[in-house]
Amino acid sequence: MDNKRIMEAINETVSNVLEQTAFMFPESIDMASGVAFEDFEYILVKLNFSGDKAGEVKMIMPVDFCAELSANLLGEDIGDVDPEENNFDSAKELLNIVSGQLLVNLFGDEALFNLTDLEMKKLEEEAFFSIIEGCEYHCCMVDEYPVITIFDLQEITDECQSISS
Amino acid sequence: MAYNILVVDDSQTIRSIIVKILKLTKIEMGQIHEAENGREALDCLRDNWIDLILSDLNMPVMSGTELVSELAKDRLLKNIPVVVISTDGSVKRIEELKKKGIREYIRKPFTPESLSEVIDRVLGVNHG
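Protein chains in written order, with our numbering: chain A, 1 to 165; chain B, 1 to 128.
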């Protein structure tokens with residue numbers, strides 16, 4: 001699957017999910033557009049998918065964005081939510097919904113997938129740059145926050161496919 | 001008639017959103033119970049009269065699919081209507097779950113209106 005198709009699907013999916021769930025309106029940006037990534041403290045949420053295809057979906061977002069996301073999802077004032085209190089549950093759910101929609105967008109609704117191993121961790125600056133410098137990623141700005149999505153499709157050899165079937 | 005509803009989802013955020021929507025519907029609510037997984041849901045069902053279950057699929061400890069299978073085996077619980085609310089978009093999985101007895105399937109993200117319509121339909125509530 002070509003990378004352009006994946007990036008288009010991520011852009012459409014992230015936009016739809018954020019608009020529908022949190023009334024947030026992302027703006028897709030070019031990777032080379034000079035976003036001051038170092039201005040933020042980030043968390044990483046990721047999960048694995050398996051089934052008709054296998055791989056991993058990661059989202060990286062600023063901690064302050066998570067507060068705004070939680071407030072919008074729950075219809076509360078931003079000062080009334082503490083995203084750390086529930087271990088960034090809103091960010092994990094955002095990833096969950098984006099992953100489900102993205103897999104349908106890329107592979108159709110006949111494909112079967114299992115989403116597993118949902119994890120969250122805070123990222124040090126070095127770890128953040130190490131991740132984004134080593135891969136193709138989609139980045140959009142939501143208000144003033146950069147939100148990054150990375151889709152890794154595991155290449156399955158014919159031999160593996162015949163074993164699994 | 002007031003309806004008792006059980007909301008099953010490992011995400012506290014999603015449970016809170018669903019509970020808020022339930023409170024905004026025109027349906028007369030009794031008690032709204034919450035569970036983090038299928039096992040907690042079964043515990044709740046043993047202790048409470050529930051009219052409708054709204055359940056996620058991907059949950060730790062016991063998934064929504066396992067919960068639906070357990071309900072089908074229990075003569076007292078098998079007639080409680082189950083609405084699955086999940087990110088899983090596979091038509092095959094929805095068909096499998098419908099064969100196991102779920103009444104409706106709602107794909108996340110959902111709107112308050114879509115959830116409300118489905119609940120009305122499943123409970124046979126007519127606001128007219």
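Derived by calculation from the structure, the hints in this document are not laboratory data. It should be emphasised that the depicted structure is a prediction, and the values quoted were computed from it without experimental measurement. By construction, the Cβ of each residue, glycine as well, lies at the ideal position given by its N, Cα and C atoms. One or more of the hints may lead you astray.
Partial selection, computed: residues in chain B whose CB lies under 7 Å from chain A [claimed, not checked]:
| no. | residue |
| --- | --- |
| 1 | GLN12 |
| 2 | ARG15 |
| 3 | THR87 |
| 4 | ASP88 |
| 5 | PRO112 |
| 6 | SER116 |
Hint check results:
no., hint, verdict
1, GLN12, "5 Å, holds"
2, ARG15, "10 Å, violated"
3, THR87, "3 Å, holds"
4, ASP88, "6 Å, holds"
5, PRO112, "10 Å, violated"
6, SER116, "16 Å, violated"
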